[in-house]
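These protein sequence lines are chains X and U, in that order.
The working numbering numbers the first residue of the first sequence as 61 and each following residue consecutively.
The working numbering numbers the first residue of the second sequence as 18 and each following residue consecutively.
Simulated from the structure, these hints should not be mistaken for lab results.
Ideal Cβ positions, reconstructed from N, Cα and C, are used throughout, including at glycine.
Mixed in with the good hints, there may be bad ones.
To be verified - Below, simulated BS3-like cross-link-like pairs (lysine-lysine); rule was C-alpha separation at most 27 Å, straight line:
no., chain 1, residue 1, chain 2, residue 2
1, X, LYS281, U, LYS82
2, X, LYS281, U, LYS24
3, X, LYS113, X, LYS124
Stated by the list, open to error - Here are some chain U residues pointing at chain X (derived, C-beta under 7 Å):
no., residue
4, ILE69
5, PRO97
6, GLU99
7, GLY101
8, LYS104
As the list claims (entries may be wrong) - Label pairs and their calculated CB-CB ranges:
no., chain 1, residue 1, chain 2, residue 2, range
9, U, LYS38, X, GLY297, 48 to 56 Å
10, X, GLY297, U, ASP190, 45 to 53 Å
11, X, LYS268, U, GLY75, 23 to 31 Å
12, U, PHE30, X, TRP67, 30 to 38 Å
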Amino acid sequence: MSNNKIWLITRREYLTRVRNRTFLLSTFLFPLVIILFIAGSVMIATQTHTHHKIAVVDANGYFKDYLRSDSSLSFDFSPGIDTLNYADRGNTAVLIIPPLPEDNVTIYRLKFKKQLGPAAKDDLENRVNNAITDHLIYEKTSVSRIQLDTLRSRSKIAALRTFDDNDKKARASNQNAAGAIGYVCAILIYMLTFIYGAMVMRGVMEEKTNRIAEVVVSSVKPFQLMMGKITGIGAVGLTQFLLWIVLLVGLSFLAQAFIPPSVGKEIMQLQQANAMGNAGNAIRVSEGANKIYECR
Amino acid sequence: MNILEVKDLQKTFATQIAVDKISFQLEKGSIFGLLGPNGAGKTTLIRMITGIFYPDAGEILFEGKPFDPMNDILRIGYMPEERGLYKKMKIGEQALYLAQLKGLSRSEALQRAKEWFVKFEMQSWWNKKVEDLSKGMGQKLQFVTTVMHAPRLIILDEPFSGLDPVNSNLIKDEIYSLARKGATIIFSTHRMEQVEEICDHIILVNRGQKILDGSVGGVKQQFKENLFRIGLERPLTGEDLKTADASDAFTVVGRADGQLVVKIAEGHRPNDVLSWFIQKGEGITSFVEILPSLNDIFIRLVEGTPLARQFQRL
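Could you build all of it, start to finish, from the sequences and the hints given here?
Right, dumping it as structure tokens:
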């Protein structure tokens, strides 16, 4: 009898919510919103291009030869530029590099009028470090700058791919994708716990404000009422989650059907190139380190 | 046989005694009036009988056995004063759901719901939502959901509030009919004329204590003031009244609708009054005892009591 009552309450809580228009709308619109959000952020990331022009006040004198400018970061080594007039000359920031003794870590500073994003900041730091490495290699070894650049471009010949060896048959692992899925799932679980927890609370509030609590509690124990409510609303959450999975899988199949094979191939190539680029960076760093080691 | 027996029931909230050693018995098939001013402890008492609250002390016997909330609540129907239904739920589904919570199977609930909906002419409401109903319609639905599982004990808290006279009569007739079929009804209200009309037995609760217990007729007899109304063939003149005042048996206390209202003195009987008028040669057309209304008794007993008892300390 007791379980029967919990089942009755669970059934009512589940059906009234699943038949609700809000549930249907949120279930079917949420994947669309997620897809639009991802597409929007990718579009913004690819289309918005921020350029930073940075004035450099260099006390060492060699950064002019090694700091490389490109479309996202460019460097201004004009004579007479300083922390007071850099903005008037069209720069967004000024990089002040004091003399860098080889046996100590020295702090260099960046003053800005327009803040650099985390990616641009990392990029700047890498370029300064690379410039120092290049300068040291050039100064301490007999390698010429042309040779150094040629070696760099030729060394991009290896790319790493990882395989999951836990199963009987080793299969290619995609750690980035696994990480991303894990991250998204964690956020979803966190959000859903809050949303459905709040829904249970709203359900209790609704019964109190509708005054039906007294009628129901005169027929069932409060424990049965609460248990039925929690299981019913939990089942609604699981249903929604299941529907999202089905919808997302369905939509991704649908998207694949609509993307022309040529575009798919281009994406594959881009992914491979990206992987190669990462490998190239790793090789370049280890190569630089070796050179420095040899010098010492 | 008593369906319900309450013995020295007590319930205390933080700083207030809500129910203070109340005892009463309820005969099977009777209609019982539970009366009292606001904040007297009626709802707390009802909540203990319906298993919503546990009493701090005392005993409840249901059909001769100690009250077992798990099983006995299935044989009780409770309609609280503050009506409650799921606003967004369809009426038919709601009736089925509440009946199933009271232990009926779905098919049984469906059959009974149909019978009651036909009886109350509510068939067309089945697929409507409660939020679409008027207050009176909601009241009828609430009554149906209270009695659908054929409970042995029905507790109705202000069942007629918000109902028009036609629907009030409909519910009243159903209450009589249910009582005839053997259900016992506890009827809680402030409307004394309804209590006089419907109830067999009443108790009056004030400040958590029972201050009156008895049949409606018995209570009225208990509080009577020996007042009688006499209709005479000839209206009495001032001179006649002076003579009447000289009588030891009664005093004239007023006139109402051309009749005299007399108060019989202690130690005398109505026969003494009648003999006096007969001896005077007056023609008597009517002689009726004036009993106090329950409303008067209620006011007399409760007047002067603070409405809210929140300041009453333990």
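Status of each hint after checking the structure:
no.: 1; hint: X:LYS281 / U:LYS82; in the structure: holds, 20 Å
no.: 2; hint: X:LYS281 / U:LYS24; in the structure: holds, 24 Å
no.: 3; hint: X:LYS113 / X:LYS124; in the structure: holds, 14 Å
no.: 4; hint: ILE69; in the structure: holds, 5 Å
no.: 5; hint: PRO97; in the structure: holds, 5 Å
no.: 6; hint: GLU99; in the structure: holds, 4 Å
no.: 7; hint: GLY101; in the structure: holds, 3 Å
no.: 8; hint: LYS104; in the structure: holds, 6 Å
no.: 9; hint: U:LYS38 / X:GLY297: 48 to 56 Å; in the structure: holds, 49 Å
no.: 10; hint: X:GLY297 / U:ASP190: 45 to 53 Å; in the structure: holds, 48 Å
no.: 11; hint: X:LYS268 / U:GLY75: 23 to 31 Å; in the structure: holds, 28 Å
no.: 12; hint: U:PHE30 / X:TRP67: 30 to 38 Å; in the structure: holds, 34 Å
Violated hints are absent here; each numbered hint is respected by the structure.
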